[in-house]
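What follows is the residue order along each chain.
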Amino acid sequence: MKRPNPIPVAVVAAIAMLAMAVPFLGLANPTAMSIAHRMAPASAAHWLGQDEYGRDVLSRLLWGARVSLSVAAASAAMACLLGTAMGLAGGYLGRVAELLALRSMDVVLCFPPLLLALLVVTLFGPGALTLIPVLALVFLPGFVRVVYAGVLSVRSQEYVDAMRVLGAGRLRIMLRTILPNIAGPILVQLSLAAAAGVVLESGLSFLGLGVLPPAPSWGLMIAAARSTMTQAPLLLLWPCLALSLTILAMNALCDALRDAVDPHRAPGRRPRRLPSLLTPGLLMAPAPLLDVQGLTIEIDTPAGPIQPVRDVSLGVVPGETLALVGESGSGKSLTGLAIMGLLPSVARIAGGAVWVEGRDVLRLEEGELRRLRGNRMAMVFQDPLSSLNPVHRVGSQIAEAIRAHRSLSDHAARDRVLASLRRVGIPDPLRRARSFPHELSGGMRQRTMIAIGIANDPKLLIADEPTTALDVTIQAQVLDLIARLKQEHGMGVLFITHSLPVVAEIADHVAVMYAGEIVEQGTAAEVLTHPLHPYTTALLRSAPAEDGSLPDSIPGTVPLPHQLPTGCAFAPRCQHRTAACEVARPALLTAHPGHTTRCIRWRELAGAPTRQAVA
Amino acid sequence: MLIWVVASIVFLAIRCVPGDPAELLLSQGGAAPDPATVQQLHEQLGLDRPISVQYVDAFRRLLHGDLGHSVQDDSPVATEIWQRLPRTLELIAAAALVALTTGLPAGLLAALRRGGLFDRTASWVAAAGLAVPVFVVGTILVLVFAQGLHWTSAGGYVPLAQAPGRHFALLAMPAMAIALGLFATVFRMTRTAVLDVSMRDYVRTARAKGVRHHRILTHHVLRNALIPVVTVLALNLGTLLGGTVLVEYVFNYPGLSGMLVDAVSARDYPEVQGIVLVISILFVTLNLLVDLLYGLLDPRIRQTVRQA
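For the protein sequence lines, the chains are A and B, in the order given.
Residue numbers for the first sequence follow the numbering used here, beginning at 1 and rising by one.
Residue numbers for the second sequence follow the numbering used here, beginning at 1 and rising by one.
The following block holds chain A by itself, in its conformation from the complex (with noise of 0.2 angstroms):
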């Protein structure tokens, strides 16, 4: 849990200790009356003025400030004790008590709150007595769901487990291990149902049902002042101000505190294409399809701004595959996304150009590039479930990529969703169509993915992991189907993958990225069978081997993008590494034409022995 907003927090306490201070702060007798001084103005006496019966306001309005908080505090905490308990019971004590406990809640939340507190006070008759079970009781299941939703989440988790098998009670368990790791929503759910005993108080004593005349309440003050207020606008307005003040307080201090348990709501700010600071396109002569040259992808963090992609320069050529292969964290997914300019909000490219046609996406108009997506180019991504709309059928997803970009009839335009799902492979495409994506499979919806990718032909297919989620023979399926479809449209593919196997079925050029970087890069037949970077070998020897003997783990991990060393971003891992290697960055070497490295041993180590793991 993060530190919440010290604002709200102090403010809410501020209105506690001024509360609490009441009784210490000298001031008139609230219910002393007056009435020769009935409705005066402000004097020095009374800073702000006196009511219908001569009473003191300002003394009013901190005494009632006593009232509401004190009964908004006493129903939250009561309610949250018994509703803890409940919860808690209910979700570890087993069947009988998680009935008891969930169905009684059901019962209490057929009657809409203040209805329910209504009935309640007709019961037992008004006062500030009586409203504090009354309100505690409309905010008790409140308190039970959270608990129990916050019990199922950890009772499962293995330190819940671990306590168990060392011999710990349940009541032990229960408040010593599961109570600490649910607190915070507790504590969330204390403030709002503190904030909602203020507004619940307040609107009951209003009603002539709450706090009983003449202690002061808030809601009694509005009451009163009702009837005066063409006379007296002012005593309508203080306790109205306070009211409202006071609850805006309460609820700054729920977010607040909401903000602070949540660890998924942190704030991000979405900055700018900025085509203007990056270099201009006086590289060189763009290949014919796809040209990557120098993209470095930058992202804003708490700890300073990080560059998960740094100089990356690749090209495709229609008809061919480019592997871009590496771990993840790389960065390879990063550049497909920079690529069709897609990044996420929070990153932004710091340098580079990108030409795709010869066009230089980076600085192309939305409107534009718009018109590019999905039709000259397009992209498969790696999870299919969370990449498709849930909401509509799969029909309509695909053919919303064709009219995206063409005028069809509605005949016209199922038709070509039909063709375009049987190309892919899916049997029984009419009905397909009609299904949602949680309604197949996965390969199904990998294939409807790649039928969403082709839907228009696209000259340039970036394809992110999409075998990942398959099994074998889908899989097999799947790389034909990009194949078939490069050799018949002159397509060129951009492949990324973590998968060896897979380059060497489908790769005609091949990119290892590293840490944001290209160390090596070539033909797949120069790289994987000739590997001039360690990492390229140690990658190699990592994947699984056709004789069946055991893959060789890289020893180490990725260094993260905020702690990368000074030298090269592999040595920390390397086996060959030599006190040059930790000097500088090395520059990407051309070793032989078409085939270059980011290793300054190369040459060395060209000689050493590698294990020929896919040929």
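You can trust all of the hints, since none of them are fake.
Going by beta-carbon spacing under 7 angstroms, a handful of chain B positions derived as facing chain A: (1) P133; (2) F135; (3) V136; (4) R204; (5) G210; (6) V245; (7) I279.
For the chain A half of the interface with chain B, some residues (derived, Cβ under 7 angstroms), not all of them: (8) L114; (9) V199; (10) M229; (11) C240; (12) N375; (13) V391; (14) E400; (15) A401.
Covered stretches of chain A, going by a simulated chain B footprint (3 or more residues, C-beta under 8 angstroms): (16) 244-257; (17) 339-352.
Source of the hints: derived by calculation from the structure; they are not laboratory data.
Glycine included, C-beta positions come from ideal geometry on N, C-alpha and C.
Place chain B on chain A using the hints.
Structure of chain B alone, referenced to chain A:
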């Protein structure tokens, strides 16, 4: 089933609590009532019979749509409820309509221009809308528009058939008072949901397909963001079923909740019982409708419902 439990609880709770309605009814002016009259009223109301008999009897009549007669003036409770219920529903519907037609576009715009002037302004309005209790809003509206500007009268109700213009003029202020808080809820939920959905992978897929910005907003972002917004709105509408009490009181609007407050102070058992029952039934029905609406909005739920 749930409705039966609710009805039983209401029935039993009312009868288990100290305080005799007959005595309360007859003890106006503080004098102790004559025991003979109390006894007579007991017999008249059937309160002298054992609770189990009263219970069975009440349920038999309930099945025939008979909610009993008011203790105060002996009029049939069902008729009175039937007359007032549409007014409360109209009030809630008007408020929901206003909240939805303003909150949804405002939330969308605020999310699209996050951190911009509109976002900040609207977020402050929403924070204020959540902080100012509905009876304060109502009272201020009366002070400004009725007492100050004399645009409309401070409250009351005129049937639609009698004077349509005046009917809506009187409906406007209470509906606005409720709509402000509801607007804040819808606005905040829409804003959060749109921001959340915009970052989903399927929105990126739509962009990768080259779909137009406008269509991405309507077909992908808003369509999915609607699911949580509808949930929250429905939850709030349910709460409002009993929560219009304060507004009806402030504007002297003769709805169902106002009737409940009167019945509560008079300890009119049959009336309280009838109103609570009707509202609870509506509440449960509303939740059921929301579940059905979910199925329409989210096909993943449709399937699990079909399987269940």
